[in-house]
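> Residues per chain are reported as follows:
Number of protein chains: 2
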Amino acid sequence: MSQVKILLDESEIPAQWYNVVADMPNPPAPPLGPDGEPINPEALSAIFPPAVIEQEISRERWITVPEPVLQVYRLWRPTPLYRALRLEQALGTPARIYYKYEGVSPAGSHKPNTSVAQAYFNSIAGIRRLATETGAGQWGSALAMAGRMFGIDVRVYMVRVSYEQKPFRRSMMESWGAEVIASPSTITNSGRSVLAGAPDSPGSLGIAISEAVEEAASRKDTNYALGSVLNHVLLHQTVIGLEARKQFEKLNDYPDVVIACCGGGSNFGGTAFPFFADKACGRRVRLLAVEPESCPTLTRGHYAYDSGDTAGLTPLMLMYTLGRNFVPPRIHAGGLRYHGDSPLVSQLHHEGLVDALAVPQRATFEAGLMFARAEGIIPAPETNHAIRAAIDEAEACTRTGERKTIFFTLSGHGHFDMAAYDRYLSGELEDSPYPEAAIKAALAELPNIARPPS
Amino acid sequence: MSQVKILLDESEIPAQWYNVVADMPNPPAPPLGPDGEPINPEALSAIFPPAVIEQEISRERWITVPEPVLQVYRLWRPTPLYRALRLEQALGTPARIYYKYEGVSPAGSHKPNTSVAQAYFNSIAGIRRLATETGAGQWGSALAMAGRMFGIDVRVYMVRVSYEQKPFRRSMMESWGAEVIASPSTITNSGRSVLAGAPDSPGSLGIAISEAVEEAASRKDTNYALGSVLNHVLLHQTVIGLEARKQFEKLNDYPDVVIACCGGGSNFGGTAFPFFADKACGRRVRLLAVEPESCPTLTRGHYAYDSGDTAGLTPLMLMYTLGRNFVPPRIHAGGLRYHGDSPLVSQLHHEGLVDALAVPQRATFEAGLMFARAEGIIPAPETNHAIRAAIDEAEACTRTGERKTIFFTLSGHGHFDMAAYDRYLSGELEDSPYPEAAIKAALAELPNIARPPS
Numbered sequence: 018m019s020q021v022k023i024l025l026d027e028s029e030i031p032a033q034w035y036n037v038v039a040d041m042p043n044p045p046a047p048p049l050g051p052d053g054e055p056i057n058p059e060a061l062s063a064i065f066p067p068a069v070i071e072q073e074i075s076r077e078r079w080i081t082v083p084e085p086v087l088q089v090y091r092l093w094r095p096t097p098l099y100r101a102l103r104l105e106q107a108l109g110t111p112a113r114i115y116y117k118y119e120g121v122s123p124a125g126s127h128k129p130n131t132s133v134a135q136a137y138f139n140s141i142a143g144i145r146r147l148a149t150e151t152g153a154g155q156w157g158s159a160l161a162m163a164g165r166m167f168g169i170d171v172r173v174y175m176v177r178v179s180y181e182q183k184p185f186r187r188s189m190m191e192s193w194g195a196e197v198i199a200s201p202s203t204i205t206n207s208g209r210s211v212l213a214g215a216p217d218s219p220g221s222l223g224i225a226i227s228e229a230v231e232e233a234a235s236r237k238d239t240n241y242a243l244g245s246v247l248n249h250v251l252l253h254q255t256v257i258g259l260e261a262r263k264q265f266e267k268l269n270d271y272p273d274v275v276i277a278c279c280g281g282g283s284n285f286g287g288t289a290f291p292f293f294a295d296k297a298c299g300r301r302v303r304l305l306a307v308e309p310e311s312c313p314t315l316t317r318g319h320y321a322y323d324s325g326d327t328a329g330l331t332p333l334m335l336m337y338t339l340g341r342n343f344v345p346p347r348i349h350a351g352g353l354r355y356h357g358d359s360p361l362v363s364q365l366h367h368e369g370l371v372d373a374l375a376v377p378q379r380a381t382f383e384a385g386l387m388f389a390r391a392e393g394i395i396p397a398p399e400t401n402h403a404i405r406a407a408i409d410e411a412e413a414c415t416r417t418g419e420r421k422t423i424f425f426t427l428s429g430h431g432h433f434d435m436a437a438y439d440r441y442l443s444g445e446l447e448d449s450p451y452p453e454a455a456i457k458a459a460l461a462e463l464p465n466i467a468r469p470p471s
Numbered sequence: 018m019s020q021v022k023i024l025l026d027e028s029e030i031p032a033q034w035y036n037v038v039a040d041m042p043n044p045p046a047p048p049l050g051p052d053g054e055p056i057n058p059e060a061l062s063a064i065f066p067p068a069v070i071e072q073e074i075s076r077e078r079w080i081t082v083p084e085p086v087l088q089v090y091r092l093w094r095p096t097p098l099y100r101a102l103r104l105e106q107a108l109g110t111p112a113r114i115y116y117k118y119e120g121v122s123p124a125g126s127h128k129p130n131t132s133v134a135q136a137y138f139n140s141i142a143g144i145r146r147l148a149t150e151t152g153a154g155q156w157g158s159a160l161a162m163a164g165r166m167f168g169i170d171v172r173v174y175m176v177r178v179s180y181e182q183k184p185f186r187r188s189m190m191e192s193w194g195a196e197v198i199a200s201p202s203t204i205t206n207s208g209r210s211v212l213a214g215a216p217d218s219p220g221s222l223g224i225a226i227s228e229a230v231e232e233a234a235s236r237k238d239t240n241y242a243l244g245s246v247l248n249h250v251l252l253h254q255t256v257i258g259l260e261a262r263k264q265f266e267k268l269n270d271y272p273d274v275v276i277a278c279c280g281g282g283s284n285f286g287g288t289a290f291p292f293f294a295d296k297a298c299g300r301r302v303r304l305l306a307v308e309p310e311s312c313p314t315l316t317r318g319h320y321a322y323d324s325g326d327t328a329g330l331t332p333l334m335l336m337y338t339l340g341r342n343f344v345p346p347r348i349h350a351g352g353l354r355y356h357g358d359s360p361l362v363s364q365l366h367h368e369g370l371v372d373a374l375a376v377p378q379r380a381t382f383e384a385g386l387m388f389a390r391a392e393g394i395i396p397a398p399e400t401n402h403a404i405r406a407a408i409d410e411a412e413a414c415t416r417t418g419e420r421k422t423i424f425f426t427l428s429g430h431g432h433f434d435m436a437a438y439d440r441y442l443s444g445e446l447e448d449s450p451y452p453e454a455a456i457k458a459a460l461a462e463l464p465n466i467a468r469p470p471s
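Chains as they are written, first to last, in the numbering used here: chain Z, 18 to 471; chain H, 18 to 471.
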């Protein structure tokens with residue numbers, strides 16, 4: 018039997034993050050202000066510390082990971098790369114399936130890769146308070162933990178449907194000392210305005226971002242931290258793909274396809290960008306982002322300027338979007354309930370360099386359970402999207418006889434999502450139909466800014 | 018800054034389990050049948066496979082870990098040993114604190130170290146069905162996962178108070194395909210008999226063991242698997258201490274005190290026995306078992322023959338016991354709610370070679386939260402008992418200036434115990450008073466078998 022787990026030495030944690038901007042065929046489209054003109058990065062200084070703003074606009078290929086960030090990374094990094102031999106056997110596939118397990122972090126997902134960095138950069142800027150949003154709770158947990166480690170108080174606006182579905186994610190954040198508020202809330206203008214129109218609103222990442230940004234912009238002592246979408250967040254997450262590349266080197270193997278689930282894009286970008294660097298040098302590798310059928314941003318959205326939040330407080334970004342007013346159905350993959358997507362991932366998808374696939378909810382849980390029963394680990398509902406695609410790829414190999422190397426990131430465990438597994442096992446979990454009317458309406462409200470030529 | 022995490026290579030997973038019996042100053046006292054005579058090991062063949070019975074009575078120092086067991090171990094082993102530098106800093110102690118993290122297993126605790134072995138030995142004996150009990154759900158989860166990997170169906174009797182406090186542990190077991198039943202149940206004689214006297218019984222490990230043993234003894238197709246107490250279980254768990262010893266060698270350090278929480282004794286024995294081997298050779302090392310003040314088996318129990326379950330279906334074992342009819346208060350450390358203790362741990366404690374300490378519930382959560390905020394990982398309530406003792410040792414060093422090396426096993430994470438943290442954070446969690454009257458009554462009912470001379 019071949020090796021099951023490929024570990025790296027602590028000294029092999031990447032000492033630099035990889036900035037994909039350096040290798041993109043075209044420069045990133047600039048964010049725009051409400052006047053339709055490119056914004057001055059300094060405008061971001063009300064909510065972000067200087068180092069983060071620099072990283073957001075940097076074109077340097079490599080950016081050094083500071084030693085205090087590495088010290089915290091060492092609590093769980095390098096993360097293992099596994100060969101899913103038992104899953105391969107269960108599927109009877111000739112393909113080789115590998116997964117990188119980011120659920121070994123104390124918060125249970127890949128999110129601390131950036132929360133630790135953001136907390137550190139805020140702390141050296143003298144910031145002692147952060148506001149943020151969270152969907153499924155993975156990001157809020159990660160920032161709560163990181164904030165505590167760098168002496169920063171954290172307030173988390175948690176999307177209401179997740180707040181109700183996952184009370185123990187809230188307890189986890191509170192255990193690390195954070196304050197958690199269900200969003201939409203009555204303590205911000207953005208929240209009150211949503212509740213005025215929809216008192217039963219389940220919330221969305223877009224709404225929660227509005228609330229956190231509003232708070233950070235209006236309080237001098239408070240900065241804002243975002244768990245996905247922005248360039249610096251994806252930059253920090255590249256430790257995933259950089260480690261994975263080293264691990265494949267040790268195996269003397271290389272993926273034919275790199276798969277990750279994609280909501281705001283931080284897990285996908287962090288996984289795929291280091292492989293994009295090879296692709297940019299001519300290596301053949303398929304990069305596949307997987308999203309929910311009921312929130313199909315990359316596969317059904319418009320490539321257009323839109324704001325990152327519902328209230329329109331953020332700059333306008335060129336990205337795939339379903340319209341900032343779209344409130345996704347209450348699927349269990351709360352981390353994928355986002356109307357937009359990372360501008361970097363969007364641009365690469367628009368240019369044909371990144372593929373995308375949308376999958377229905379039940380099929381993702383079927384895949385997740387098959388994985389759990391073969392490999393042991395119970396994955397987060399978000400991750401189940403990637404597993405669905407990986408299993409589909411492997412089953413295609415069974416039919417064709419191809420011996421592809423399939424790689425995906427197991428972005429988090431599902432310990433706080435057992436209610437969703439319960440519903441699946443009892444047959445109660447349904448697929449949401451594609452919310453065509455709601456998306457059409459939200460797209461019709463997109464800001465009237467011409468899409469730049471591609 | 019010194020090294021934070023000490024990893025071993027996959028080839029350093031122990032290839033043999035360590036049997037402490039080989040190094041004990043006196044042979045273990047034999048289990049007795051209902052007639053007061055030593056039982057014939059073959060009597061156990063109705064519920065255990067041959068390899069397990071052999072291990073239960075073996076006096077060989079080293080017992081080989083079969084390759085199929087090692088293959089599953091490799092999914093998460095070797096587990097990391099951490100230096101708790103951030104906790105040391107928070108405490109301002111001159112002591113060095115180390116912990117071995119067993120929560121990295123897919124089931125979230127040390128329990129798969131034995132569940133995988135037991136499932137394997139049953140599978141090669143042709144067994145396709147197992148019955149077991151679980152307290153907090155850690156053991157049931159571990160056996161559900163292991164059973165699935167070796168093609169064995171699992172039924173779990175889950176102590177009712179945990180069944181109610183931790184519904185998602187049940188979902189986890191069901192996700193791996195196990196069947197979960199709240200204990201006491203109406204489907205066994207043992208369960209019905211408890212319910213007749215106490216319809217609202219919260220259950221206990223002793224009752225759940227009765228139900229599972231009764232089922233296994235009465236069904237030809239079904240064996241029984243126990244998550245703690247017995248010699249073979251502690252044997253399998255010695256991978257913890259064996260790895261830790263190698264990790265200390267790499268550090269060129271050695272613990273002054275080895276700490277683990279202790280319910281049935283598998284985590285404590287697995288952690289401490291490999292260090293006992295050194296102690297038996299004259300090395301100075303303190304071995305400290307930590308238990309709840311409301312279920313103080315080692316510190317307040319009698320050293321006497323008693324049965325391992327409430328109904329009296331198991332052989333009588335010489336151990337510290339609070340009386341098989343004692344139903345411990347509803348503390349959150351469900352894995353420590355057991356009237357008895359491992360006969361091996363009990364004998365070593367009786368002979369003065371193992372120390373024991375009982376701690377109150379609130380103090381354990383205080384310690385667990387301090388740990389989580391410093392080190393990131395949120396521990397299981399059982400583990401918080403060990404952390405309390407480790408912090409107390411470190412604080413003593415702060416007073417005396419001693420630079421002790423303190424080592425404990427972080428036996429599991431607390432992801433399914435957030436309701437307990439919630440109660441602690443909101444000030445609702447209370448200490449149960451020492452249940453003196455209940456223990457006195459249960460001790461009065463001990464079988465009338467003379468304690469052998471020690």
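These are calculated hints, taken from the structure and not from any lab test. Just to be clear, a hint being listed does not mean it is correct.
Note that the list lumps identical chains together, so a pair holds whenever it fits in one copy or between two copies.
Stated by the list, open to error - Okay, derived cross-link-like pairs now, SDA-like style, lysine to any residue, Cα gap no bigger than 25 Å in a straight line:
| no. | residue 1 | residue 2 |
| --- | --- | --- |
| 1 | 22 | 85 |
| 2 | 421 | 88 |
| 3 | 22 | 265 |
| 4 | 457 | 196 |
> Each hint: holds or not?
Going through the hints against the structure:
In this homomeric assembly, residue 22 and residue 85 come within 25 Å of each other (Cα to Cα) only across copies, at 15 Å, whereas the closest approach inside a single copy is 28 Å. Taking the closest pair of Cα atoms, residue 421 and residue 88 come within 25 Å of each other only across two copies (24 Å); inside a single copy the shortest separation is 37 Å, beyond that limit. Proximity of residue 22 and residue 265 under a CA criterion of 25 Å is satisfied in both settings, with 11 Å inside one chain copy and 23 Å between copies. For the homomeric pair residue 457 and residue 196, neither the shortest alpha-carbon distance inside one copy (36 Å) nor that between copies (45 Å) is at most 25 Å.
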